[in-house]
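> What follows is the residue order along each chain.
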Amino acid sequence: MSRRARFFSRTAPVEYRWYQPGRKVLGKRMEEQLRFAVCYWHSVVGRGLDPFGAETFLRPWHAPGGDPMEQARHKADVAFELFRLLRVPYFTFHDLDLAPEGATLRETVGNVRRMGEVISRKMAASGVRPLWGMANLTGNRRYMAGAATNPDPEVFAYAAAQSKHALELSHDLRAEGYALWGGREGYETLLNTDLGRELDQLGRFVSLVVEHKHRIGFKGPILIETKPAEPAKHLYDSDVATVYGFLRRYGLDKEVRVNIEQNHALLAGHAFEHEIALAQALGIFGSIDMNRGDELLGWDTVHFPNNVPHVASALYTVLRGGGFAPGGGVNFDARVRRQSIDADDLLDAHAEAIDLCARALLVAEAMVEDGELARSLAERYAGWKGRLGRDILAGRRSLEQLAVLVEQHDLEPQPRSGRQERLEALINRYT
Amino acid sequence: MKKTAALLKSKPKKPAAFFERAEPVAYRHYKPDRKVLGKRMDQQLRFAVCYWHSFVWPGLDPFGGDTFRRPWHAAGGDPMKQALQKADVAFELFRLLKVPFFSFHDRDIAPEGDTLRESNANVRRVGEVLAKKMQQSKVGLLWGTANLFTNRRYMAGAATNPDPEVFAYAAAQVKNVLELTHELGGENYVLWDGREGYETLLNTDLGRELDQLGRFLSLVVEHKHRIGFKGMILIEPKPGEPTKHQYDYDVATVYGFLERYGLEKEVKVNIEQNHALLAGHSFEHEIAMAQALGIFGSIDMNRGDEQLGWDTDQFPNNLPQMALAMYHVLKGGGFTSGGLNFDAKVRRQSIDPEDLVVAHAEAMDLCARALLVAERMIEDGALARALDERYAAWDDKLGRKILGGKKSLADLAAYVEKNDLEPQPRSGRQERLEALVNQYI
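These protein sequences, in sequence, are chains A and B.
In case it helps, our numbering puts the first sequence at residues 1 to 431.
In case it helps, our numbering puts the second sequence at residues 1 to 441.
Same shape as in the complex, but just chain A (with noise of 0.2 Å):
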C-alpha cells in the first residue's frame, strides 16, 4: 500500500451514529444480529460501465496494460483498506473478482489459488471473513447459454470444475457458506429451449455442489440467490416460492437456503419482507442482500438502501423469524451510481447504509419488544386454537363433516376487520 498513493481520502475507521458493534440488541451484539458484509465485485471490480456507456470509474488497478496479478494485489489491498475504515466483519466475493482469468481453467484456478493466499494473510491481520464465496458462471462467453442449463455438456463439466475449486477456497478462506447465483440459468425464448431438462440439469448441478460441500466437510450453507430475470428473460430460480418447488423436486429442500436481494424480490414482484416471511414459512431462509431497486423501473439498479420504514419491516421479519444463522447477514450487494466516482462515495455510501440498517435495527427491536404487533396477529388467528380449527388442521375433519357442522349449526361466520390502516399506522410510531 505505501508504494502507491492512498486511494481513500480518510485513514480513520468512520464514526457511526447508529451502529454500535456491542450494543446489545435483543440478547444478541448488534453486529451479530446485522452482521455486514462488502460485496467485492460492485464495490472493487465495478468500473461504472452501463450499456450506454463506458466506464467512468477509472480505479487505478484498472488501468489498461497493467499486471492484471498485481493489479488484483492492489485490488486487495483497497478492497480490505475499505472493510478496515467501515469496520465491517464480512465480506463476499465471487472467484473472478479476485483474480484474473487465464488462458485455460488450470491456469485461472492457478491465479485464484494465489491471489487466495494474499487474502488469507490479509484476514489473519484484519479479523474480516468472508461470509460467502461462489463462482462467476455468467460473465465470460462460454456461459452465454448457461452454466448448469447449458446445452453442452462439456460447459456443465466446465462449470462443475470451477464451482469445485471456488467452493473448495471458500471452505480454506473459512467462509460461512457458498452461494449460486444463476444469472445465465434461464432462456431468452422457448423456441431454442428445453426447459424440462434444462430445469433436470440445474437439479443435478446443484446436488452435485451439495455432495461436494459434504465431502469436504464444510459446514457452512449453500445458498441460491433467487432473481426473476436479467440478464436471462427468465432466470429459473424466479422466486422464493419458485426456488422451494425446484428444491423439492430435486430434494434439495434441506440442503439448500436462499438468499434474497431486495431489489430481486422487487422485480419479481413481491415485498422484501414477502421474500423473507415466506422463505421463514418454507425453512428456507438463509441470508439478505440489502440493496434497493427503484419501484418505477423493471431492472436490477442495486441501489444502497435508504428507505428507513421498508428497512426496518425486513429486519422486523428477519429478526420474528429468529435472525440469521451463521453463512447469513446482511450483504451490501450495492453500488454506487455511475456518476459517484470519488473513492470516497464508496466509503460513504457503505457508512451511511450501515448507520442506516442499524437505525432500523433499533426500530423492528421496538416493534419486536412492544409486541403489538405480534398481538393482533396472534389474536387474528385464535379461533384456530380452538378445537374446530385444531380438528381441521390436524386433518380430522372431512369435507362431508363440515358440511354438516355447518348445516347443523346454520353457521353464518361474520367477518372482521383487518384493520390494515391501523397497523401501517403502528408502524410510523416505531419509526
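Worth flagging that the hints you see were computed from the coordinates, not collected in a lab.
Ideal Cβ placement from N, Cα and C applies to all residues, glycine included.
Treat the hints with care, since some could be wrong.
[Stated by the list, open to error] Only some residues are given here: those of chain B computed to face chain A with a beta carbon under 8 Å:
no.	residue
1	L37
2	A386
3	L409
Using the hints, position chain B against chain A.
Below, chain B without anything else, positioned relative to chain A:
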C-alpha cells in the same frame, strides 16, 4: 320455496329471443370434425364458454354502474326465475356457437339464499334444469367451481381465513359444488383462490395460511375420491388482484405448494393467459413449465393488455401468440380432460347481445386457425429438430453420465483438467427460429 318448485314443474317458457340470429354460426376455420394430428378438431380444442363473464357480469367497473342491462338482471325480479332465464340464454348461446362445453361457479347459476342450506338448495334446483338442458343439447360441463370470493364473509379468505368457521363454511359450499359437478358429468373441478392471499403482512401469518390452504385442498381431493369423481382437480394460478399477493401465484409456485402438501400427483393447473402475463410470464412459458413439472391440466384462453397491470380478460386475437400456446399444448400431448375455456369478457361498451356471439365466434375461429398453424409447426418438425440438435450432446456418454448421477464435482474437475476442455459457445439462432414461426402463419 313453493313458488320455485311450481316454476320448475311448469315447462320453461320460451324467452323473447335474446340474440338476433337464430342460425348457428358458420365458421371459416373451425371445422369440428376435421382431423388435426389424429384427433378431431373439436377434441383437440375442447372449447368451453364461461357462465360468469358471458351471463353474470353486468358491465360494472370500479368507476361506473352496469351497462349491459340483461333482462335477467332487472331490479326487483324473482331471482330463481331470472336464473332460469339466464340458463335459457346460456344454452341458446352454446347452440349458436356449437361449443361442446361450458363452465360455471355455483353463484353464477343460482342466487345465494339466506343460509348456506338455502343457497345449496338453489344451486341444486338450477342444477337439475341444467342437467336436462345438457342432455338435450349434448353440451358438456368442462368444469365447475365454487365462488369463494364475492360474499363479504370471504373478504379475508375462504381456506386462509383467520376464522376456522369460514373455512368450514367454504368446505361445505365446495362439497355441494363438487358433488353437483360430478352429477352433471363434469370433466374437471377448478379452484381459483381469489381471496387466498393477503393485503398486508402486518395482519397476516403467511406460513399458517399456507397450511390452511394445503389442508383445504387435501379435503377436496379426499372428497373427490370418496364420491368417485374421476376428473382432475385444477388450481388456477394468479399472482395478485383482488389481493396484493395470492398464494397460487404462478405455475412454479403452485408446484412447490403441491409438493409441500403431498398433492403434486393429485392436482394440476388451469393456466390463464392474462394471469401468466400478470405474473411476468408468457402464456407458453406457463404451459411448458406445467408440462415439465407434470401438472398441466387446462387453459383459460383470453388476452391481457401488456401495457396494463390488471386482468382485462379480453378475447384472444393475436394469432402468432396463440399459435405458440397451442404448439406447446400439442407438443406436450394435448388436452386430456382439460380444454380451452374462454375466460374472457366483452368490453363494457359492447352492450349488444350480438357482441357476445361475435366475440366468441371470432375467438373460436382464430383458435382453430392457431391450431392449424401449430399443426404445421409439429408436422414440419423444424422447431423440434433445432431443439434436438441443440441438446444432442446430452445424449452422448458425458451428458448421460452427468444426468445419471455417475459423475461427482471432483470427477468433472479432473475431466476438464485432463482434456484441457475449453467448450466453444454455439449460436442460439433465436432470430432464425422466430422467423421460422412466422413462416407457418
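> With reference to the structure, classify each hint as holding or not holding.
Against the structure, the hints come out as follows:
Checking L37/B against chain A by beta carbon gives a least distance of about 20 Å; that is not within 8 Å, so the hint is violated. At its closest, the beta carbon of A386/B sits 7 Å from a beta carbon of chain A; the interface hint therefore holds under the 8 Å criterion. Here the hint on L409/B is kept, as its CB sits about 4 Å from the closest CB of chain A, short of 8 Å.
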